[in-house]
Amino acid sequence: MGQHSSRDAISGPARRAQALRNRFSKVSNEAGLGAKRRPVFTFAYVRALLVTILLGCIVGVMCWDVIRHPWPAHQTVLHWLAAPDCDAARAVGLAPSNRGEPGYYNKHDGDDDGIACEVWPR
2 MGQHSSRDAI
12 SGPARRAQAL
22 RNRFSKVSNE
32 AGLGAKRRPV
42 FTFAYVRALL
52 VTILLGCIVG
62 VMCWDVIRHP
72 WPAHQTVLHW
82 LAAPDCDAAR
92 AVGLAPSNRG
102 EPGYYNKHDG
112 DDDGIACEVW
122 PR
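Residue numbers for the sequence shown follow our numbering, so the first one is 2 and each next one is one higher.
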(Lines of atoms letter the chains of each structure in order from A and count residues from 1; the text may use other names and numbers.)
(Lines give C-alpha, C1' and ligand atoms only; values in the text may rest on other atoms or scores of the structure.)
Protein backbone atom coordinates (compact mmCIF):
# COMPACT_ATOMS: atom_id res chain seq x y z
CA MET A 1 0.00 0.00 0.00
CA GLY A 2 1.35 3.29 -1.04
CA GLN A 3 0.97 6.47 0.89
CA HIS A 4 -1.77 8.75 -0.33
CA SER A 5 -1.25 12.45 -0.27
CA SER A 6 -4.03 14.80 0.68
CA ARG A 7 -4.03 15.91 -2.92
CA ASP A 8 -5.05 12.45 -4.07
CA ALA A 9 -7.99 12.41 -1.63
CA ILE A 10 -9.66 15.37 -3.36
CA SER A 11 -11.46 14.73 -6.64
CA GLY A 12 -11.04 16.86 -9.79
CA PRO A 13 -13.80 19.51 -9.34
CA ALA A 14 -13.18 19.74 -5.61
CA ARG A 15 -9.45 20.18 -6.25
CA ARG A 16 -10.12 23.01 -8.72
CA ALA A 17 -12.50 24.70 -6.24
CA GLN A 18 -9.92 24.45 -3.46
CA ALA A 19 -7.22 25.91 -5.74
CA LEU A 20 -9.54 28.79 -6.62
CA ARG A 21 -10.26 29.45 -2.93
CA ASN A 22 -6.54 29.45 -2.23
CA ARG A 23 -5.90 32.01 -4.99
CA PHE A 24 -8.71 34.27 -3.74
CA SER A 25 -7.39 33.94 -0.21
CA LYS A 26 -3.87 34.88 -1.33
CA VAL A 27 -5.12 37.97 -3.20
CA SER A 28 -7.34 39.00 -0.29
CA ASN A 29 -4.49 38.63 2.21
CA GLU A 30 -2.13 40.66 0.02
CA ALA A 31 -4.74 43.44 -0.21
CA GLY A 32 -5.23 43.43 3.55
CA LEU A 33 -8.73 42.04 3.24
CA GLY A 34 -8.06 38.68 4.83
CA ALA A 35 -10.60 36.73 6.78
CA LYS A 36 -10.32 38.87 9.90
CA ARG A 37 -13.83 38.68 11.25
CA ARG A 38 -14.92 41.16 13.83
CA PRO A 39 -16.88 39.85 16.78
CA VAL A 40 -20.62 40.19 16.38
CA PHE A 41 -21.15 41.79 19.79
CA THR A 42 -18.72 44.66 20.05
CA PHE A 43 -18.61 46.99 23.04
CA ALA A 44 -20.31 49.76 21.05
CA TYR A 45 -23.11 47.40 20.01
CA VAL A 46 -23.73 46.23 23.59
CA ARG A 47 -23.62 49.81 24.88
CA ALA A 48 -26.11 50.97 22.24
CA LEU A 49 -28.37 48.04 23.07
CA LEU A 50 -28.30 48.84 26.80
CA VAL A 51 -29.01 52.54 26.18
CA THR A 52 -31.94 51.60 23.95
CA ILE A 53 -33.35 49.27 26.60
CA LEU A 54 -32.91 51.92 29.30
CA LEU A 55 -34.63 54.60 27.23
CA GLY A 56 -37.43 52.18 26.41
CA CYS A 57 -37.96 51.50 30.11
CA ILE A 58 -37.99 55.21 30.94
CA VAL A 59 -40.50 55.96 28.19
CA GLY A 60 -42.60 53.00 29.32
CA VAL A 61 -42.71 54.21 32.92
CA MET A 62 -43.57 57.73 31.81
CA CYS A 63 -46.39 56.47 29.58
CA TRP A 64 -47.71 54.32 32.41
CA ASP A 65 -47.63 57.35 34.74
CA VAL A 66 -49.53 59.49 32.20
CA ILE A 67 -52.20 56.79 31.85
CA ARG A 68 -52.40 56.27 35.62
CA HIS A 69 -53.15 59.91 36.49
CA PRO A 70 -56.69 61.22 36.10
CA TRP A 71 -55.44 64.45 34.52
CA PRO A 72 -54.69 65.17 30.85
CA ALA A 73 -51.16 64.41 29.64
CA HIS A 74 -49.98 68.03 29.69
CA GLN A 75 -51.17 68.42 33.28
CA THR A 76 -49.28 65.27 34.25
CA VAL A 77 -46.08 66.64 32.72
CA LEU A 78 -46.55 69.91 34.63
CA HIS A 79 -47.10 67.82 37.78
CA TRP A 80 -43.72 66.11 37.20
CA LEU A 81 -42.04 69.47 36.66
CA ALA A 82 -43.48 70.75 39.95
CA ALA A 83 -41.91 67.88 41.92
CA PRO A 84 -38.58 69.40 43.06
CA ASP A 85 -39.91 72.23 45.25
CA CYS A 86 -42.46 75.01 45.54
CA ASP A 87 -40.41 77.34 43.34
CA ALA A 88 -40.70 74.79 40.52
CA ALA A 89 -44.43 74.43 41.17
CA ARG A 90 -44.85 78.20 40.97
CA ALA A 91 -42.76 78.35 37.79
CA VAL A 92 -45.11 75.93 36.00
CA GLY A 93 -48.23 77.60 37.43
CA LEU A 94 -49.35 74.83 39.79
CA ALA A 95 -48.88 76.54 43.13
CA PRO A 96 -50.72 76.67 45.43
CA SER A 97 -52.41 73.32 44.85
CA ASN A 98 -54.88 71.28 46.86
CA ARG A 99 -54.51 67.62 47.75
CA GLY A 100 -55.42 65.47 44.72
CA GLU A 101 -54.67 68.19 42.18
CA PRO A 102 -51.70 68.42 39.85
CA GLY A 103 -48.71 69.96 41.61
CA TYR A 104 -49.61 68.66 45.07
CA TYR A 105 -46.88 66.73 46.84
CA ASN A 106 -46.86 65.90 50.55
CA LYS A 107 -43.33 67.28 50.83
CA HIS A 108 -44.65 70.68 49.63
CA ASP A 109 -47.37 70.76 52.29
CA GLY A 110 -45.45 71.79 55.40
CA ASP A 111 -48.45 72.14 57.75
CA ASP A 112 -50.37 69.13 56.33
CA ASP A 113 -53.55 71.14 55.76
CA GLY A 114 -54.07 69.85 52.21
CA ILE A 115 -52.70 72.93 50.46
CA ALA A 116 -49.19 72.74 49.03
CA CYS A 117 -46.95 75.74 48.40
CA GLU A 118 -49.21 78.18 50.20
CA VAL A 119 -48.48 81.85 49.93
CA TRP A 120 -47.78 83.13 53.41
CA PRO A 121 -48.65 86.78 54.20
CA ARG A 122 -45.63 88.85 55.23
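These are computed hints drawn from the structure, not numbers from a lab. From the three backbone atoms N, C-alpha and C, an ideal C-beta is built for every residue, glycine too. Heads up, some of the hints might be wrong.
Pairwise CB distance ranges, derived in the manner of DEER restraints [to be verified]:
id : residue 1 : residue 2 : range
1  : Leu55     : Pro85     : 54 to 62 Å
2  : Lys108    : Met63     : 38 to 46 Å
3  : Arg16     : Leu51     : 27 to 35 Å
4  : Ser12     : Ile54     : 49 to 57 Å
5  : Val62     : Arg91     : 41 to 49 Å
6  : Cys64     : Asn23     : 26 to 34 Å
7  : Leu51     : Val93     : 54 to 62 Å
8  : Leu56     : Gly111    : 19 to 27 Å
9  : Phe42     : Asp112    : 51 to 59 Å
10 : Leu21     : Val52     : 53 to 61 Å
Taking the hints in turn, this is what the structure says about them:
1. Leu55 with Pro85: 54 to 62 Å: violated, 22 Å
2. Lys108 with Met63: 38 to 46 Å: violated, 21 Å
3. Arg16 with Leu51: 27 to 35 Å: violated, 49 Å
4. Ser12 with Ile54: 49 to 57 Å: At roughly 52 Å between Cβ atoms, Ile54 and Ser12 fall inside 49 to 57 Å, so the hint holds.
5. Val62 with Arg91: 41 to 49 Å: Once the Cβ atoms are compared, 26 Å apart, the range 41 to 49 Å for Arg91 and Val62 is violated.
6. Cys64 with Asn23: 26 to 34 Å: violated, 58 Å
7. Leu51 with Val93: 54 to 62 Å: Violated, since Leu51 and Val93 (Cβ atoms, about 32 Å apart) do not stay within the stated range.
8. Leu56 with Gly111: 19 to 27 Å: At roughly 36 Å between Cβ atoms, Gly111 and Leu56 fall outside 19 to 27 Å, so the hint is violated.
9. Phe42 with Asp112: 51 to 59 Å: holds, 56 Å
10. Leu21 with Val52: 53 to 61 Å: violated, 45 Å
Of the numbered hints stated above, those contradicted by the structure are hints 1, 2, 3, 5, 6, 7, 8 and 10, listed in ascending order.
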